[in-house]
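Enquirer: Build out the structure end to end from the sequences listed, making use of the hints.
2 protein chains.
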Amino acid sequence: MWWLLLLITVVVVAFHSASASVIESTWEVEYKYWWPDCKEGIVMAINGQFPGPTIDAVAGDTVIIHVVNKLSTEGVVIHWHGIRQNGSPWADGAAGVTQCPINPGETFTYKFIVDKAGTHFYHGHYGMQRSAGLYGMLIVRSPKERLRYDGEFNLLLSDWWHQSIHAQELALSSRPMRWIGEPQSLLINGRGQFNCSQAAYFNKGGEKDVCTFKENDQCAPHTLRVEPKRVYRLRIASTTALASLNLAVQGHQLVVVEADGNYVAPFTVNDIDIYSGETYSLLLKTNALPSKKYWISVGVRGREPITPQALTVLNCVNATTDSRPSHPPPVTPTWNDTERSKSFSKKIVAAKGYPKPPEKSHDQLILLNTQNLYEDYTKWSINNVSLTVPATPYLGSIRYGLTSAYDLKSPAKKFTVDNYDIMKPPANPNTTKGSGIYSFPLGIVVDVVLQNANVLKGVVSEIHPWHIHGHDFWVLGYGDGKFKPGVDEKTYNLKNPPLRNTVVLYPYGWTALRFVTDNPGVWFFHCHIEPHLHMGMGVVFAEGVDRIGKMEIPDEALGCGLTRKWLMNRGRP
Amino acid sequence: MWWLLLLITVVVVAFHSASASVIESTWEVEYKYWWPDCKEGIVMAINGQFPGPTIDAVAGDTVIIHVVNKLSTEGVVIHWHGIRQNGSPWADGAAGVTQCPINPGETFTYKFIVDKAGTHFYHGHYGMQRSAGLYGMLIVRSPKERLRYDGEFNLLLSDWWHQSIHAQELALSSRPMRWIGEPQSLLINGRGQFNCSQAAYFNKGGEKDVCTFKENDQCAPHTLRVEPKRVYRLRIASTTALASLNLAVQGHQLVVVEADGNYVAPFTVNDIDIYSGETYSLLLKTNALPSKKYWISVGVRGREPITPQALTVLNCVNATTDSRPSHPPPVTPTWNDTERSKSFSKKIVAAKGYPKPPEKSHDQLILLNTQNLYEDYTKWSINNVSLTVPATPYLGSIRYGLTSAYDLKSPAKKFTVDNYDIMKPPANPNTTKGSGIYSFPLGIVVDVVLQNANVLKGVVSEIHPWHIHGHDFWVLGYGDGKFKPGVDEKTYNLKNPPLRNTVVLYPYGWTALRFVTDNPGVWFFHCHIEPHLHMGMGVVFAEGVDRIGKMEIPDEALGCGLTRKWLMNRGRP
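First to last, the sequence lines map onto chains X and P. If you read the first sequence in the UniProt record's numbering, its first letter stands for residue 1, the second for the next number, and so on. If you read the second sequence in the UniProt record's numbering, its first letter stands for residue 1, the second for the next number, and so on.
Derived by calculation from the structure, the hints in this document are not laboratory data. Note that this is a predicted model, so its numbers are computed, not measured. Among the clues, some could well be false.
Stated by the list, open to error - PhoX-like, lysine-lysine: derived pairs with alpha carbons at most 20 Å apart:
1. X:Lys70 x P:Lys433
2. P:Lys70 x X:Lys433
3. X:Lys565 x P:Lys565
Claimed, not checked - Here are a few chain X residues that sit away from chain P, every Cβ distance over 10 Å (derived from the structure):
4. Tyr31
5. Cys100
6. Glu182
7. Asn493
8. Glu556
9. Lys565
As the list claims (entries may be wrong) - If you want the footprint, here are the derived chain X segments under chain P, 3+ residues with CB under 8 Å:
10. 67-74
11. 103-113
12. 168-177
Just so it is clear, CB atoms sit at the ideal spot from N, CA and C, and this is done for glycine as well.
Expert: Given below as structure tokens:
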């Protein structure tokens, strides 16, 4: 196959080359009117742009971003999704975990080294600001790229609601909870179509008219202009608030070569599933015909797809701009064909040359994911604790020993109801709220088993893509039903599990992962679905607490809650 | 007349009686679904209530309110409108002026003495949060009340939009500016009707149906239950974002006895004008018939009244609850009958016993109010400066001498274009932005002349109710056209001008006021129309800067911007 020639064994190296440079920018964050899906809405823009500017760095570079909060009354932070922040945990950008929100009118400077090549992105991590459009791509190139290709494109995928995030937050936090519903549109690089369809002419009598775009329309799709018979790298990231997606390129096969910033053993597919928080690189060899056009289509999986496909076009350079693809867009696989999705997930293994995971773990968490009630508020809970992120960032409370800032008692390492039936709604739907964390010494190997279950009502188990901050983990395996400790560990792939920062937990199943506590700091680990996280679906890992206690953390990261008070009083009699 | 017997000469006394008590509450601020005008919206509620709880204090009491910010991502403050905050300027609750916004998840404690009896209210003073419904009544009773009445009612008046304040803020801050339009509804004690009319049965074929309320409907008007032939005190406050209002009680005359917490020489009217930021007490003697009902109506003045009247009912105790007033509600005076409004304003003079103002002033500001453009953003400016409130509160920057926190250069004391034609759109529409303030020594007498002008386009001059913090001022007079320095001062009423904290500036006219700099602190003085303030229509007075430099200010009030940095570094090498 053509791509076999392109890929050489990968060696994972962290680059701190002498030629490393500094990428420095000032970003003003504010609301702006925008037409993401041809209907006017309000987005969170960076320097007047939506999505935000792409960071294009080389491994080893130092990135310095001065974030200026130009919002009226809201705080803001930015999380650099996929960057491990080794030595700079305060720059991870998770409000309440690693820093205080930046106040309106103030500036906070993120400074970190992008030590490893990969396809990443960044996004808001306070309230549901990511869902308001605060995101953009973060590409880290390898100074010695092993992949060979002739050109590349970034495709940042997101979903879009017409209701404001403030209204959404209230809806989800209300008693009874009001569900926000499915997104109105899917966006590719911030562009979608709500009122029209690009492909409607295949479907006369359909509900929507064919789109007609004017020049500079904010919702007009970017066309990918390509040469025939060349190899392109598509860098795909999903920052959806809710939707699990499938992406296909008409008439082309896709070679998956990277996932979450790590090379994987290349494999060929017709389409990929991509969950919120994941990134992929795909190699695509364009067909021979120089005047053809092909749909790139993005559709919903895992939930009943009320939202129409997002479409853009792969356009050979000789194709006229006014012509259209001659066939309908690829059909998204059936939304509930979970077996198909699992089959895709299982194809992903590490590229040659990646270190294997340690054979044994020192600690194991079994985290039951449940939907529950807390005083009739709907919550998502992990081992029966729904996370309440405190006003004082954990990183600061641990640094300065402020023990009243959060619950000192850790949540349970395993779910305590041994006979919990994951196939049914919870027998006792009541949960607890808390801000307790899991604390690990440095240098140990931790296994986490994510265990899915039935939701509160009906026969439903939802998809949860779990994302870890400050780390990659090895994905050791997936299983159906209830995890059997002492048994299912034997099925783990310890030979070539992929390194990732996000992994999907399938309905009624379990997912096992392993990581090494090699990064002193406090790290969020949570479902990347924005409403689920808003409803408490996350846990927090503190790593090397003694090291955190000696860490240099900029005061500006801790100017809220009890750390502000502590810092104001230090050195006083 | 009946009321002559009720009113005795008033002596103004500040009470710090030995029997003074402490009123202490914890208030949780959060968004909540509500039906203020029979259509579901989102309000900023306090302890789950809209409007917020009424504070009912006695002069001399200490009020302690622990405000807990339960919002997701927004800061919050509360301003105690009408309370002078003598000795506690940090508790005035003006974000960026006297304190930092309270961060989500944090608690800030306001503690102040209500030293003087009066009808007051409180409200949000950050972004446009007042317009989101963050308000309530603040009644301070006199231990020796001179007025005699049999009962009392509070009527808190507001206006309501269906668009969120976040969208409104963006609209006003956009280029070009998008006007938010007139309010959808007027509310009395947080209750109005959008889809129906209480009085529609007088108007068959009208646009709206007669309201039918269910029990506990949040939009069902409170009925004022009264006995015949008794005297009631109506305490009225207007916290509208935009609307100037007129209030009438069908079949009853109203005796105006108090304005903004100061007794006025009683006078009788059929209706009152009330501008945003003003309060009044009215005495009303109920008619003799024990089974009658009367409309209380509130309508718009000063702007073309697109918004329907707000209505509630004065119900004699024997009237059946299902019957209706037998005649249509009072008709609001013509919106643009400014002469009628002026005539009302001029009736307001101080009650006997109030001290006269000093005869001379030491300083004079002539503040031209103009609508302008700043880089094509629409702004309101005072002497060609549109106020930008800094991220660091003035009170803190002055306390700690942080001279880079705001523009040290004061804005001009007079408008510098001598031949400025107030009757026409500005010849040069461009303005400047700034954060400079006016600084006064303690113990001097300051005159302020507010000068109105034509707006940017067309032949229009708008109403601006100006509100001062930390003070009452004497309203010395009103005039038409351009103020003539050295001439118009001779028309000032120095005999019995009313003491107020809010005064209206009429279209194309001027308003003169005088105050004594007897309250060390930093005090906002601004147009009380929320969108106008959002667009820069205010100035700031610093009073007794040397005293501020020695003041005790709680650190928690200054936990943002440069003061946070300063406080974190004090006492360090």
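Enquirer: Is it the case that asparagine 493 (chain X) keeps its Cβ farther than 10 Å from each residue Cβ in chain P?
Expert: 40 Å, holds
Enquirer: Take a quick look at whether lysine 70 (chain P) and lysine 433 (chain X) sit within 20 Å of each other, Cα to Cα.
Expert: 16 Å, holds
Enquirer: Please settle this one: glutamate 182 (chain X) was flagged as non-interface, so is its CB more than 10 Å from every CB on chain P?
Expert: 21 Å, holds
Enquirer: Checking C-beta pairs, does the segment 103-113 of chain X have three or more residues closer than 8 Å to chain P?
Expert: holds (count 4)
Enquirer: Can you take a look at whether the segment 168-177 of chain X is actually covered by chain P? Rule is 3+ residues, C-beta closer than 8 Å.
Expert: With 4 residues close enough to chain P, the hint holds.
Enquirer: Decide, holds or violated, for the assertion that all CB atoms of chain P are farther than 10 Å from the CB of cysteine 100 (chain X).
Expert: Check fails; 7 Å does not lie beyond 10 Å.
Enquirer: Is lysine 70 (chain X) close enough to lysine 433 (chain P), meaning Cα to Cα at most 20 Å?
Expert: 16 Å, holds
Enquirer: Residue count check for the segment 67-74 of chain X against chain P: does it reach three with CB-CB under 8 Å?
Expert: As far as the segment 67-74 of chain X goes, the hint holds, because 3 residues have Cβ atoms under 8 Å from chain P.
Enquirer: So lysine 565 (chain X) supposedly isn't at the interface. Is its beta-carbon more than 10 Å from every beta-carbon in chain P?
Expert: The claim is violated: lysine 565 (chain X) sits with its nearest Cβ about 7 Å from chain P, within 10 Å.
Enquirer: Classify the label on glutamate 556 (chain X) as holds or violated, using whether its beta-carbon is more than 10 Å from each beta-carbon of chain P.
Expert: 8 Å, violated
Enquirer: Does the claim that tyrosine 31 (chain X) lies off the interface hold, with its Cβ farther than 10 Å from every Cβ of chain P?
Expert: The assertion about tyrosine 31 (chain X) is violated, with a minimum of 5 Å to chain P.
Enquirer: Given the hinted pair lysine 565 (chain X) and lysine 565 (chain P), is their alpha-carbon gap at most 20 Å?
Expert: 12 Å, holds
Checked against the numbered hints above, the structure breaks hints 4, 5, 8 and 9 and satisfies the rest.
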